[in-house]
Amino acid sequence: EAQVTQNPRYLITVTGKKLTVTCSQNMNHEYMSWYRQDPGLGLRQIYYSMNVEVTDKGDVPEGYKVSRKEKRNFPLILESPSPNQTSLYFCASSTGVGNTIYFGEGSWLTVV
Amino acid sequence: KNEVEQSPQNLTAQEGEFITINCSYSVGISALHWLQQHPGGGIVSLFMLSSGKKKHGRLIATINIQEKHSSLHITASHPRDSAVYICAVRSRSSGSARQLTFGSGTQLTVLP
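Here the protein sequences line up with chains Z and P, keeping their order. Counting from 1, one number per residue, gives the positions in the first sequence under the numbering used here. Counting from 113, one number per residue, gives the positions in the second sequence under the numbering used here.
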């Protein structure tokens, strides 16, 4: 079954404690991206990757890092989380930039 | 000004009604996506359009590139169609062609 898997799905953490949200896809997709969704602001792109070792900033990259060492994995790293990073996060993948997008189930992150 | 505007923001319909959700955008695009987000947060891609019209079951999506407008229609609506519908565009400009810009979403509630 085609899947984008995110972990953890729910997390409450404290300010400054580094965390990683993992994302894995089983469809051999080149394109992967991270979004955050906030009330009143909708979905916004954080980072994206066109392929292994190729990443670029989206609209709201501050406070986040990513890496793409393998095609299937695209982790999102919060080196020093702050309360304004409390949000719902989605990972997504597709075969190419203009093709159908597959979303993960979302990760609810609360930073206190 | 938002690059992607959706209307209406909220829509309540009776089961069986024909529903239209609109999306207008201000930039030249290479593709437009319609997404569905159910309560609980998961996002599913419904359509990807670059021209014309697509149909899948009771859902129809159209796009008019010249007018920079797209519509999502639901025929014979059902309570299980209740969700947030999100329009997203991919710009044609070289600097942002790899990013998606999202509308704020339309909350649809279909009453039995």
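It should be emphasised that the hints constitute simulated quantities derived from the structure, not laboratory data. Beta carbons are placed, not taken as given, at the ideal position from N, Cα and C, and that holds for glycine. Mixed in with the good hints, there may be bad ones.
[Said to hold, decoys possible] Which chain P residues face chain Z? A few, computed with CB under 10 Å, are given here:
no. : residue
1   : Val116
2   : Gln149
3   : Gly152
4   : Gly169
5   : Leu171
6   : Ile172
7   : Ile186
8   : Gln211
9   : Ser216
[What the hints assert, rightly or not] Some chain P residues flagged as far from chain Z (calculated, every beta-carbon gap over 12 Å):
no. : residue
10  : Glu127
11  : His145
12  : Arg170
13  : Ile177
14  : Gln178
15  : Thr213
[Said to hold, decoys possible] No farther apart than 25 Å at their CA atoms in a straight line, the calculated lysine to any residue pairs in the SDA-like style are these:
no. : chain 1 : residue 1 : chain 2 : residue 2
16  : P       : Lys165    : Z       : Ser82
17  : P       : Lys167    : Z       : Gln3
18  : Z       : Lys57     : Z       : Asn84
19  : P       : Lys180    : P       : Leu123
20  : Z       : Lys65     : P       : Lys167
21  : P       : Lys180    : Z       : Ser82
22  : Z       : Lys57     : P       : His185
23  : Z       : Lys18     : Z       : Glu1
24  : P       : Lys165    : P       : Gly152
25  : Z       : Lys17     : Z       : Asn51
Status of the hints after comparison with the structure:
1. Val116: 9 Å, holds
2. Gln149: Cβ of glutamine 149/P sits 9 Å from chain Z, so the hint holds.
3. Gly152: Holds. Min distance 9 Å.
4. Gly169: For glycine 169/P, the interface hint is violated, since the closest Cβ of chain Z sits about 16 Å away, which is over 10 Å.
5. Leu171: 14 Å, violated
6. Ile172: Violated. Min distance 17 Å.
7. Ile186: Check failed: Cβ of isoleucine 186/P comes no nearer than 19 Å to chain Z, outside 10 Å.
8. Gln211: 5 Å, holds
9. Ser216: 5 Å, holds
10. Glu127: Holds, because the least Cβ-Cβ distance between glutamate 127/P and chain Z comes to about 27 Å, which exceeds 12 Å.
11. His145: 6 Å, violated
12. Arg170: 19 Å, holds
13. Ile177: It holds; isoleucine 177/P is separated from chain Z by about 14 Å at its closest Cβ, greater than 12 Å.
14. Gln178: Answer for glutamine 178/P: holds, closest chain Z Cβ roughly 19 Å.
15. Thr213: 8 Å, violated
16. Lys165/P / Ser82/Z: 44 Å, violated
17. Lys167/P / Gln3/Z: Distance of about 24 Å is within 25 Å: holds.
18. Lys57/Z / Asn84/Z: 18 Å, holds
19. Lys180/P / Leu123/P: The given pair, whose Cα atoms are some 22 Å apart, holds under the 25 Å limit.
20. Lys65/Z / Lys167/P: 39 Å, violated
21. Lys180/P / Ser82/Z: It is violated: about 38 Å lies between the C-alpha atoms, which goes past 25 Å.
22. Lys57/Z / His185/P: 34 Å, violated
23. Lys18/Z / Glu1/Z: 32 Å, violated
24. Lys165/P / Gly152/P: 30 Å, violated
25. Lys17/Z / Asn51/Z: 29 Å, violated
Figure legend: structure checked against the earlier numbered hints; hints not met, in rising order: 4, 5, 6, 7, 11, 15, 16, 20, 21, 22, 23, 24 and 25.
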